[in-house]
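A.B. asks: From first to last, the protein sequence lines are chains A and B.
To convert, take the position in the first sequence, counting from 1, and add 110; that gives our numbering.
To convert, take the position in the second sequence, counting from 1, and add 110; that gives our numbering.
Derived by calculation from the structure, the hints in this document are not laboratory data.
Incorrect hints may have been included.
Since copy identity is lost for identical chains, a pair holds within one copy or between any two.
Listed below are the simulated SDA-like cross-link pairs for lysine to any residue, each with C-alpha atoms no more than 20 Å apart in a straight line [unchecked claim]: (1) 600 with 416; (2) 387 with 148; (3) 211 with 236; (4) 258 with 202; (5) 387 with 151; (6) 387 with 156; (7) 328 with 365; (8) 328 with 143; (9) 258 with 198; (10) 387 with 152; (11) 387 with 147; (12) 169 with 195; (13) 253 with 166; (14) 253 with 203.
2 protein chains.
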Amino acid sequence: MGAYEELESHFGRLTRIEEAIGMLHWDAATMMPAGGAEARSEQLATLRVIAHEMLTDPKLAELIAASHENSELDAWQVANLKEMGRLWLHSTTVPAELVDKLSRKGSACEMVWRAARPDNDFKRLQPYLKAVLELTREVAVIKGEAFKCSPYDALLDQYEPGGASVRIDAIFDDLAEFLPGFLEAVLERQAARPPALALDGPFAIEAQRSLAIRLMTKLGFDFNYGRLDVSVHPFCGGVPDDVRITTAYNTSDFLRGMMGVLHETGHALYERGLPAKWRYQPVGRARGMSLHESQSLLVEMQACRSEQFVSYVAPLAGEAFGKSGAPWQADNLYRHVTRVSRGLIRVHADEVTYPAHVILRYRLEKAMVAGDLQIAELPGAWAEGMAALLGATPPDDRDGCMQDIHWMDGAFGYFPTYTLGAMTAAQLFQSAQASDPDVLDGLGRGDFSPLMSWMGEHVHAKGSLLSTDELLTEATGQPLDASFFKAHLKNRYLP
Amino acid sequence: MGAYEELESHFGRLTRIEEAIGMLHWDAATMMPAGGAEARSEQLATLRVIAHEMLTDPKLAELIAASHENSELDAWQVANLKEMGRLWLHSTTVPAELVDKLSRKGSACEMVWRAARPDNDFKRLQPYLKAVLELTREVAVIKGEAFKCSPYDALLDQYEPGGASVRIDAIFDDLAEFLPGFLEAVLERQAARPPALALDGPFAIEAQRSLAIRLMTKLGFDFNYGRLDVSVHPFCGGVPDDVRITTAYNTSDFLRGMMGVLHETGHALYERGLPAKWRYQPVGRARGMSLHESQSLLVEMQACRSEQFVSYVAPLAGEAFGKSGAPWQADNLYRHVTRVSRGLIRVHADEVTYPAHVILRYRLEKAMVAGDLQIAELPGAWAEGMAALLGATPPDDRDGCMQDIHWMDGAFGYFPTYTLGAMTAAQLFQSAQASDPDVLDGLGRGDFSPLMSWMGEHVHAKGSLLSTDELLTEATGQPLDASFFKAHLKNRYLP
Numbered sequence: 111m112g113a114y115e116e117l118e119s120h121f122g123r124l125t126r127i128e129e130a131i132g133m134l135h136w137d138a139a140t141m142m143p144a145g146g147a148e149a150r151s152e153q154l155a156t157l158r159v160i161a162h163e164m165l166t167d168p169k170l171a172e173l174i175a176a177s178h179e180n181s182e183l184d185a186w187q188v189a190n191l192k193e194m195g196r197l198w199l200h201s202t203t204v205p206a207e208l209v210d211k212l213s214r215k216g217s218a219c220e221m222v223w224r225a226a227r228p229d230n231d232f233k234r235l236q237p238y239l240k241a242v243l244e245l246t247r248e249v250a251v252i253k254g255e256a257f258k259c260s261p262y263d264a265l266l267d268q269y270e271p272g273g274a275s276v277r278i279d280a281i282f283d284d285l286a287e288f289l290p291g292f293l294e295a296v297l298e299r300q301a302a303r304p305p306a307l308a309l310d311g312p313f314a315i316e317a318q319r320s321l322a323i324r325l326m327t328k329l330g331f332d333f334n335y336g337r338l339d340v341s342v343h344p345f346c347g348g349v350p351d352d353v354r355i356t357t358a359y360n361t362s363d364f365l366r367g368m369m370g371v372l373h374e375t376g377h378a379l380y381e382r383g384l385p386a387k388w389r390y391q392p393v394g395r396a397r398g399m400s401l402h403e404s405q406s407l408l409v410e411m412q413a414c415r416s417e418q419f420v421s422y423v424a425p426l427a428g429e430a431f432g433k434s435g436a437p438w439q440a441d442n443l444y445r446h447v448t449r450v451s452r453g454l455i456r457v458h459a460d461e462v463t464y465p466a467h468v469i470l471r472y473r474l475e476k477a478m479v480a481g482d483l484q485i486a487e488l489p490g491a492w493a494e495g496m497a498a499l500l501g502a503t504p505p506d507d508r509d510g511c512m513q514d515i516h517w518m519d520g521a522f523g524y525f526p527t528y529t530l531g532a533m534t535a536a537q538l539f540q541s542a543q544a545s546d547p548d549v550l551d552g553l554g555r556g557d558f559s560p561l562m563s564w565m566g567e568h569v570h571a572k573g574s575l576l577s578t579d580e581l582l583t584e585a586t587g588q589p590l591d592a593s594f595f596k597a598h599l600k601n602r603y604l605p
Numbered sequence: 111m112g113a114y115e116e117l118e119s120h121f122g123r124l125t126r127i128e129e130a131i132g133m134l135h136w137d138a139a140t141m142m143p144a145g146g147a148e149a150r151s152e153q154l155a156t157l158r159v160i161a162h163e164m165l166t167d168p169k170l171a172e173l174i175a176a177s178h179e180n181s182e183l184d185a186w187q188v189a190n191l192k193e194m195g196r197l198w199l200h201s202t203t204v205p206a207e208l209v210d211k212l213s214r215k216g217s218a219c220e221m222v223w224r225a226a227r228p229d230n231d232f233k234r235l236q237p238y239l240k241a242v243l244e245l246t247r248e249v250a251v252i253k254g255e256a257f258k259c260s261p262y263d264a265l266l267d268q269y270e271p272g273g274a275s276v277r278i279d280a281i282f283d284d285l286a287e288f289l290p291g292f293l294e295a296v297l298e299r300q301a302a303r304p305p306a307l308a309l310d311g312p313f314a315i316e317a318q319r320s321l322a323i324r325l326m327t328k329l330g331f332d333f334n335y336g337r338l339d340v341s342v343h344p345f346c347g348g349v350p351d352d353v354r355i356t357t358a359y360n361t362s363d364f365l366r367g368m369m370g371v372l373h374e375t376g377h378a379l380y381e382r383g384l385p386a387k388w389r390y391q392p393v394g395r396a397r398g399m400s401l402h403e404s405q406s407l408l409v410e411m412q413a414c415r416s417e418q419f420v421s422y423v424a425p426l427a428g429e430a431f432g433k434s435g436a437p438w439q440a441d442n443l444y445r446h447v448t449r450v451s452r453g454l455i456r457v458h459a460d461e462v463t464y465p466a467h468v469i470l471r472y473r474l475e476k477a478m479v480a481g482d483l484q485i486a487e488l489p490g491a492w493a494e495g496m497a498a499l500l501g502a503t504p505p506d507d508r509d510g511c512m513q514d515i516h517w518m519d520g521a522f523g524y525f526p527t528y529t530l531g532a533m534t535a536a537q538l539f540q541s542a543q544a545s546d547p548d549v550l551d552g553l554g555r556g557d558f559s560p561l562m563s564w565m566g567e568h569v570h571a572k573g574s575l576l577s578t579d580e581l582l583t584e585a586t587g588q589p590l591d592a593s594f595f596k597a598h599l600k601n602r603y604l605p
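Chain A on its own, in the form it takes in the complex (with noise of 0.2 Å):
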């Protein structure tokens, strides 16, 4: 067995734990009973030493020096080798206790934000959050320089390989400057208009879960390769021959179920999508958050917030629930599924307002890594950030700068994947509709199967075969450009 082959043979085998411990973890947010916990996390750290163990093989950094010797490869294998290397330097360039270090400074901060953020207190949180921030810039100054790029930088590629922050800024910056006009004269334009008509519950569950299942099969979701259960966060989880997707349903608002199902099941036909013959291999995986961020986004707001769509789904959710009336005309539906609001909470955001909330966090956790903002200035900064991008100012921490999980995790770098997905949604759906009309009118009839066939063939077939910027400039001309994504919002929200 050549070098590179022994390099498949290690992965494939590593991928196969990767995937039994993404079973339990959808069994874990599904399934388990809240006693099964502790033996839960013993089995999966256990699973997690030995995938680590394997990723920090001594005998890697061989096989993949001889393996780039081989001139017999062909561009998949070349590809693979490629992550295989990228995932090898993540692993084995921080010290195990770093690593343990942050992942255990993770956890405490994590405990404490979750008591702490209910008491809008800051000054607890402080101290811990201090601490993940300083073992994360340590890791990223190595990572840093192990990847030949910034400390920021090299966090973003665990999320989005290849992603650089001088391009980012570009974007956002473009993006930064366009949205707080657009908004005020969207907000302004629905101000003018009629408010959308209430949607009166309850909606039972399995109502929304029929209306759900019917939904994803419409999308092409094949319930012979994959399951829908209940979870409290959303996700998409499983393995590509199984993939899982949750909801959580709520009984007097069926469209945020609703919407986000066919969020994830974006994700999900990604999953699927992957080519088969690189099952086991670094290089037959999803390209990076960006990207599976955009097929998501493609599926929930630009396919499914269309008035297309719309007016397709209208009857269905009537039928579903026994309702009639204008409610439950296709235009009412409409004018709630691109509600516009000025909100403090990310989760909760429209498809204009996100992106400030993602800039906003982007510009602060790039800042904190280049240790340019302390956590003490925080609060601070955000709030003037929000006042700025969003035009509306935080009340206090608890729905400010407290909001979200990722950072009490150590997970900087992460945050851009969101609007970087969003972006990439507009500027695909774009090509795919240039590429074929029936791509939108498809929609009206609830047939998606134009549009996914153009996404599983430009996208879900390439694995990590292209970088990000190569698969966007070889399925739609060129790289990732904001220009889409503002005419988009404009065709939408101002026409």
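We have chain A already, so just place chain B on it with the hints.
C.D. replies: Coordinates of chain B only, in the frame set by chain A:
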């Protein structure tokens, strides 16, 4: 770290991997969509290889030998070391190629069996089963030499540690002599009495499930540490702190589902009651299959088919299904749960005829492993044995020697544990009653705590500290003796 401590750490990790395997198995049987099967078998195969590698790690021989020199180990540690040695010996003595060959031939045989059984085609099965037997005999000879026992006893030890066929022979011969005449008398008495009145359904699955949960709770099953789900073949899976039982509901027969749940709950309570201090060590596991089966049969047969429990459950069942009248009176329900018949199928057998099915299989498999019975002779020997033990002859092989999966997979040595379990249950129940008269009376009030607390102390909490014989002697004053089981049968069926 001393040698023994290193072993504890090694087996601790191994156990957590095995727990992960257990959870993934449960998921495959209850939640997994069909399309996920291939990915799941990849995940399981990988984890099994890792577990096997750990169990055959060359360093273990040395660590085990060194630990035997350690005079400071307490009784639990000594027992733990003994179990480690036993597990290690089972894994290392047989060459990996032979294990692999048997596993592949077993899968092939099982696959052929699934198709050949409905066709009643023993001829088609014969060469596959022959191959499995031959490889199993090779394994048995090698293990017999390592364990210094007969080849059959070495197979038995896989399921019933320390089990010895010379003792089983004596106990089963005793029972085999008793059963035919007893069965005759029971059937005569039954025929002379009015037949049970039919319990007319349909029985809604939700109502069956509610009743099952109510009874499980009465038994002491804590849903904070476990679940009840549905699978084709009921089983008890999961891990001690997250024990998951399954059942299969039949809308025209609620008694089978209910008794199945009670049976699995007996298994579950054993797992839950294992010593928490030794959670991830071999000595913390259940002692063996006969004791495990004793706990399920103790609940299902000894406790829940007693007149006392039936008088308690009859009104609950009537309430659950909205039924009343003569068929729903305790005496009629009791007739149902103590009905005896000369059936040909083991899994449908009652507690009087079940041992006949098992003794037959035990004798046949012992002869096959010894080389005294050829596969070609199996159908004839089966018919002969059934006639002698049960007084009935199967009309074909489908419902004769092809009815069970065990041999197809190479699981020779498993069958006797069913009836050893039934006899152990009778002996334990007798001792529990003798120590506390409220054990039986409590059942009439749905109060299982006297019974289960005795069982928890004398069986569950012992883990694998003692041998099965030692445990039974400590708990009941003597090793396994058929007289308790015979007395129980007489008491219940020929009062």
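A.B. asks: Between copies, within a copy, both or neither: which fits residue 258 and residue 198 at Cα up to 20 Å?
C.D. replies: within (15 Å within a copy, 48 Å between copies)
A.B. asks: For residue 387 and residue 156, with the copy left unspecified, which applies at a CA distance of at most 20 Å: within, between, both, or neither?
C.D. replies: between (29 Å within a copy, 19 Å between copies)
A.B. asks: Given identical chains, is residue 253 near residue 166, meaning Cα to Cα at most 20 Å, within a copy, between copies, both, or neither?
C.D. replies: within (15 Å within a copy, 37 Å between copies)
A.B. asks: At most 20 Å between CA atoms: does that hold for residue 328 and residue 365 within a copy, between copies, both, or neither?
C.D. replies: within (17 Å within a copy, 41 Å between copies)
A.B. asks: When Cα atoms must be at most 20 Å apart, do residue 253 and residue 203 count as within-copy, between-copy, both, or neither?
C.D. replies: Classified as within; 6 Å inside a copy, 47 Å across copies.
A.B. asks: With identical chains treated as interchangeable, where does the CA-CA distance between residue 387 and residue 151 reach 20 Å or less: within a copy, between copies, both, or neither?
C.D. replies: Between. Shortest inter-copy distance 17 Å satisfies the 20 Å Cα cut-off; intra-copy 32 Å does not.
A.B. asks: Go through the copies and call it for residue 328 and residue 143: within, between, both or neither, with a Cα cutoff of 20 Å.
C.D. replies: Between copies, since 19 Å is at most 20 Å while 33 Å is not.
A.B. asks: Reference check for the pair residue 211 and residue 236, CA-CA at most 20 Å: within, between, both, or neither?
C.D. replies: within (18 Å within a copy, 60 Å between copies)
A.B. asks: Given a CA cutoff of 20 Å, do residue 387 and residue 147 count as a within-copy pair, a between-copy pair, both, or neither?
C.D. replies: between (35 Å within a copy, 17 Å between copies)
A.B. asks: For residue 169 and residue 195, with the copy left unspecified, which applies at a CA distance of at most 20 Å: within, between, both, or neither?
C.D. replies: within (13 Å within a copy, 32 Å between copies)
A.B. asks: Please sort residue 600 with residue 416 into within, between, both or neither, judging by C-alpha distance up to 20 Å.
C.D. replies: Within one copy, since 13 Å is at most 20 Å while 75 Å is not.
A.B. asks: Pop the pair residue 387 and residue 148 into one bin, within, between, both or neither, using alpha-carbon distances up to 20 Å.
C.D. replies: between (37 Å within a copy, 14 Å between copies)
This entry satisfies every hint, going by the numbered hints stated previously.
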